[in-house]
Amino acid sequence: MIAFFGRSVVQKSITLFFVSVVSFLVIHLAPGQPSQIDPLNPKFTREVVERMRQQFHLDKPLHIQYLLFYRDLFTGKTVSWKDSRPVLGKIYERFLNSLPLFILGTLLTWTFSFPMGIRAAIQRNGPFDKSTTFLSYVLISVPGFFFAYVLIILVVTHLNVPVIDMQTFGVTSDSVMVLFMDRVWHLVLPSILGATGGIAVLSRYVRGQMLEIIGMDYVRTARAKGLSYDGVYYRHALRNALLPFVTMFGLMLPGLIGGSVIIESIFGWPGMGRMAYEAILARDYPVILTLNFITGVLVLAGTFISDLLYMVVDPRIRL
Amino acid sequence: MASSTDIVLKVEDLRVQFHGDGPVSRAVDGVDFEIRNGETVCIVGESGCGKTVTALAVMGLLPQPPARIAGGRILFGGESLLEMPSSGLRALRGKRMAMVFQEPMTSLNPVFTIGDQISEAILVHEAVTTADARRRTIQLLEDVGITDPGKRIDDYPHQLSGGQRQRAMIAMALACGPELMIADEPTTALDVTVQAQILQLLKRLQQHSRMAIQYITHDLGVVATIADRVYVMYAGMIFEQGTTGHIFNNPRHPYTMALLDSLPTREKRGQRLYSIPGSVPHPAYKPSGCPFHPRCPHRRPSCVDAFPEMCDYGEGHLARCPILYGMERDSA
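Taken in order, these protein sequences are the chains called Z and U. Under the working numbering, think of the first position of the first sequence as 513, with each following residue one higher. Under the working numbering, think of the first position of the second sequence as 4, with each following residue one higher.
To be clear, the hints were calculated from the coordinates, so they are not data collected in a lab. The structure presented is a predicted model; accordingly, all values stated were derived computationally and were not measured. Where is the CB? At the ideal position from N, CA and C, for every residue including glycine. Heads up, a few of these hints could be off.
Cβ-Cβ distance ranges computed for the label pairs, FRET-style [stated by the list, open to error]:
1) Gly33(U) - Arg636(Z): 28 to 36 Å
2) Val688(Z) - Asp157(U): 50 to 58 Å
3) His301(U) - Arg636(Z): 43 to 51 Å
4) Ile514(Z) - Leu276(U): 52 to 60 Å
Start from the sequences and build out the full structure, keeping to the hints where you can.
Encoded structure:
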């Protein structure tokens, strides 16, 4: 066990180092420079550009820039080039905004996908299976943004559910309840939209996995024992069918920081995804690289958690 | 001759078809057989002749669709299984009839201990406490010859060898003391020494109870070791039936003879082993007349059209070849 921990930490540190190098190089390979962001702006004189280059160490060789950046990152001194605010503070603020969207979206996705996929598999080729298959493919094929606009039009014209931003603009009330419910209503549409795509894909995956397990010899053995329908499907088959999803559970972690660029942009949601998108457009290297690095850490932590969970649920896997 | 009350399982004119893309496969095409108390009956035949499908039909484990039972009756202890509601069938399965499958590697659930899986079979059918079920499971494991059963009971299938897993499967089948055990090639995936041990085990277990065994195999060596009576199956039909002595000493059907000829024996040492030309017909494209005629050395022109009826040689020895039957009567 201790050996496993030690090995994981060493392996993952090495991976993380390469991630940091590659992401740094990729950013610098991209054409353009932060100092040339707007050549037509009269304020950007040669002197200003030169000063910026010095201030951001852009005049130094690449490997020095790399070291300087990660020194700042680990000492928590990285600041955004755009507004000179500490990057970690900025990310944390946006993270809190994205979190409810992520939690609700994920919860919806998982609670609907599993029952749907399992039932479709058990009643293979039945009416339920056929209709959910059709629906899934419709949801997978229709682009999310198109679906979002259709929903927004419907909701705005027929229901009084507010859709844009995290709260109604200029809402003030003495009642905490009113403010809270305003927030909740704003959450509904983006999280449903975020979940539909996930449900369409994940329920297919659950169905496929379940179908594969139902065909296994040991499921036939369970039936030969005289077990009931529930005993065969929910005890013997489901337990095995769920194993791969344990891995997915760990890999969901990076989604925390990624957010959803499209959904957040459409709904004007000030979340992580939008911040990353804006940072890329502004060539705000510190923000992009910090996000990249945190995502890397979360991916590695996610795989580590998956390994541990796998060990708990699958007796064949031991360290 | 045993009285009819002794009969555990009686299958009459069973027909199973598979409907998929393309023509209908008649995997089992009118099979009759019966098994009496305490008897070991072997169903022998090449791969793809319908042995396993017959067994699964008896257990009610055929996946429907694609399979469809197109006709016939299955009587277990006098009750018709095909007309029984699924709840009644479930109460029988695992309790009064049990099945051991071909692949011990994949027939046990990898995420439960073997103790869980065996005691589950007891708990489903009997009102006993978990502790009692566990005690009985340990006893069962000991009965099937697993050493140190008190410790092995908490092992997962992957921690056991192939032979031990098959023993665990047999223990699971025995859990409720069934009247009939269907063993579908239980030793095919095991090596020869383990195979001999498993066969001995089955014989020994049968002596303690009055359990009947329907043993499905393509291995005539195994048949000679354990069978009381034998049914030879080909293309979804019974081609010959009789006691083990009848079949091995006095085969009356060209197919049975050909099967026996392809066995290696001491006399045939160094010679090229006989093999039946051609292969088992696909169940969707069976030849007309006698399904065996394209491969038969005694073929007559009439075999192409005339469907062969069962010919009775007495003492329960029947064979589906009117040509040989006619020749024998003429010479007598």
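Hint check results:
| no. | hint | in the structure |
| --- | --- | --- |
| 1 | Gly33(U) - Arg636(Z): 28 to 36 Å | holds (30 Å) |
| 2 | Val688(Z) - Asp157(U): 50 to 58 Å | holds (55 Å) |
| 3 | His301(U) - Arg636(Z): 43 to 51 Å | holds (47 Å) |
| 4 | Ile514(Z) - Leu276(U): 52 to 60 Å | holds (59 Å) |
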